[in-house]
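Colleague: Use these hints to put chain B onto chain A, whose structure you have.
The primary structure of each chain is shown beneath.
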Amino acid sequence: MFWAYVPYMLAGVLWTFALVGGGLGLGFLIGLPIAIGQVYGGRVVKAFLDVYVWFFRGVPLLVLLFLFYWGVFPALGHKLPALEASIIVLGLRSGAYQSQIFRGAIESVGEGQMVAARSLGMSRVSAILHIILPQALRIAIPGWTNEYAILLKDSAICFTLGVLEILTRTRYVVIATGEALLPYITAGFLFIFLTYGGTKVFNVIYEKTRIPGLVWRM
Amino acid sequence: MDVVLRAEDIHKSYGKTKVLKGVSFEVGRGETKVICGPSGAGKSTLLRCLNLLTRPDKGRVWLEDVELTSPSVNINKMRQKIGFVFQEFNLFNHLTALDNVMIGLTKVKKLPKDEARRIAKEALLTVHITEDLWNKYPAQLSGGQKQRVAIARALAMDPVIILYDEPTSALDPHLIGEVLEVMKELARRKVTGLVVTHEIGFALSVADEIMFMYNGRIVERGPPKEVVFNPKHEVTARFFKRISELYGGRK
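So the protein lines, in turn, are chains A and B. Residues in the first sequence are numbered from 1 upward in steps of one, following my numbering. Residues in the second sequence are numbered from 219 upward in steps of one, following my numbering.
These are calculated hints, taken from the structure and not from any lab test. As the structure is a prediction and not an experimental result, all values here were calculated from the model. Among the hints, a few may not be true.
Claimed, not checked - Derived DSS-like pairs (lysine-lysine); straight-line CA-CA distance at most 30 Å:
id, chain 1, residue 1, chain 2, residue 2
1, B, K443, B, K239
2, B, K354, A, K200
3, A, K208, B, K325
4, A, K208, A, K153
5, A, K46, B, K325
6, B, K239, B, K295
7, B, K339, A, K208
8, B, K408, B, K328
9, A, K46, B, K295
10, B, K459, B, K236
11, B, K239, B, K327
12, A, K46, B, K234
13, B, K459, B, K443
14, A, K208, B, K331
15, B, K331, B, K354
16, B, K354, A, K208
17, B, K450, B, K276
Claimed, not checked - Here are the computed distance ranges between Cβ atoms for each label pair:
id, chain 1, residue 1, chain 2, residue 2, range
18, B, S360, A, L67, 56 to 62 Å
19, B, E444, A, G104, 51 to 57 Å
20, A, L67, B, D376, 39 to 45 Å
21, A, W54, B, E333, 33 to 39 Å
22, A, R43, B, K276, 34 to 40 Å
A virtual CB, placed ideally from N, CA and C, is assigned to each residue, including glycine.
The following block holds chain A by itself, in its conformation from the complex (with noise of 0.2 Å):
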């Protein structure tokens, strides 16, 4: 009987957050300072940088996670379990990602926000910091909260490494109970909800900091 597998399959979302979560949290650390040296680094650096952006954008998620889960981390020396080896790959992947969301931010806070920073004295760095990212890490939230809506649904396909996220159990259960149709209706309804709540939450945060007044012009 199907009902009796729900609390098994509810016990997915857990698994399906510290994907999305480790995910998102892993491509922040790296999508941001991608973006800085995007827009303020050196040739070389750009250059470098653009390689990165390049394949993680490029290369299907699928791929990525065999090559990883079975050729990069094992030749680096660590097997890694399938949960860590799927984050860390998401996170290589929408760090890539959010490079773009944060680029395209830190360039539509305008030239003479880092000029006016400039002229008071500010070194490079303090500018960034004190002046440029706090405005474009504003305008990137509504960019953001889209990267969030398309990982939580890419976080599924990890269910071929046996990472026992919500679609991986649903086969489990489809498998036991021999029903198709309810257990993944109740999987996508899941999806749905969670992509409704946590878009919804991010609309709080995008209008709670919200400068006051102020309409970008992007």
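Modeller: Only chain B this time, still in chain A's reference frame:
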């Protein structure tokens, strides 16, 4: 005369376009000097070369007894002493009026918050930004208020000189007066200033000298009344004739 800013033979090109072709002048302590001239004359570029927001190709700049253009100079340190007021205000969007004025004091001069707040409030009152506006964000202020906050931001740093780059050009006509009034007050208080502007009334009432720029050079300079009403150079005469036709001799 105690010279605080000296520019010597400044050259700057962008690609093949020579924007500045050897500009030299000095500003004494307490003086207000005005630079005017048609667009494309190199006025803004010259101003940016003075605090090295743009690096001149050739020539030297001194602030008091330090050569800014020397490679060994810590330019961040020196820029604290040069106020800069932009045509487009460039207030920090995410900070209130008060924080805009404070941030240079706390993050650059590393003053304690209390002291920074006291200095910032004083600077805001000097430019007639009253307490009800201190917690407003730039987007909630009028153009004239924004530019006065920007002047306060420069003033609070206690600069040796303030450079103004067409400070009223982006303002609606009815807001120009309040900004010019503040600038005149500062000039009368002997805050040293170098002002790029087309506001002849301002120049006539407070400037010690007008420098007229044309085609990358200072072609004429002298006491404001002399240069405006009795120009020696033909381009200068044509320029001031146009300006006075346009503004009807507003003071």
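Colleague: So if I understand the rule, the pair passes when the alpha-carbon distance is 30 Å or less; does K459 (chain B) with K236 (chain B) pass?
Modeller: It holds: about 27 Å lies between the C-alpha atoms, which stays within 30 Å.
Colleague: Are K354 (chain B) and K200 (chain A) close enough, with their CA atoms no more than 30 Å apart?
Modeller: This hinted pair holds, its Cα atoms lying about 28 Å apart.
Colleague: Does K239 (chain B) pair with K295 (chain B) here, judged by a C-alpha cut-off of 30 Å?
Modeller: With Cα atoms ~28 Å apart, K239 (chain B) and K295 (chain B) stay inside 30 Å; holds.
Colleague: With the threshold set at 30 Å, check whether the alpha-carbon distance from K443 (chain B) to K239 (chain B) stays at or below it.
Modeller: Holds, at roughly 26 Å.
Colleague: Holds or violated: are the alpha carbons of K331 (chain B) and K354 (chain B) at most 30 Å from each other?
Modeller: holds (19 Å)
Colleague: Taken at face value, is the distance from the CA of K327 (chain B) to the CA of K239 (chain B) at most 30 Å?
Modeller: Roughly 35 Å between the alpha carbons, so the hint for K239 (chain B) and K327 (chain B) is violated.
Colleague: Below or equal to 30 Å on CA atoms is what counts here, so check K354 (chain B) against K208 (chain A).
Modeller: With Cα atoms ~16 Å apart, K354 (chain B) and K208 (chain A) stay inside 30 Å; holds.
Colleague: Take the C-alpha atoms of K46 (chain A) and K295 (chain B), compute the straight-line distance between them, and say whether it is at most 30 Å.
Modeller: holds (29 Å)
Colleague: Take the C-alpha atoms of K408 (chain B) and K328 (chain B), compute the straight-line distance between them, and say whether it is at most 30 Å.
Modeller: holds (26 Å)
Colleague: If I claimed the Cβ atoms of R43 (chain A) and K276 (chain B) lie 34 to 40 Å apart, would that claim hold in this structure?
Modeller: Given a distance of about 25 Å, which is not inside 34 to 40 Å, the answer is violated.
Colleague: Assess, step by step, whether the Cα of K208 (chain A) is no farther than 30 Å from the Cα of K153 (chain A), and give holds or violated.
Modeller: This hinted pair holds, its Cα atoms lying about 27 Å apart.
Colleague: Is it true that the CA of K208 (chain A) sits at most 30 Å from the CA of K325 (chain B)?
Modeller: Holds. K208 (chain A) to K325 (chain B) sits at ~25 Å (cutoff 30 Å).
Going through the hint list in order, the structure does not satisfy hints 11, 20, 21 and 22.
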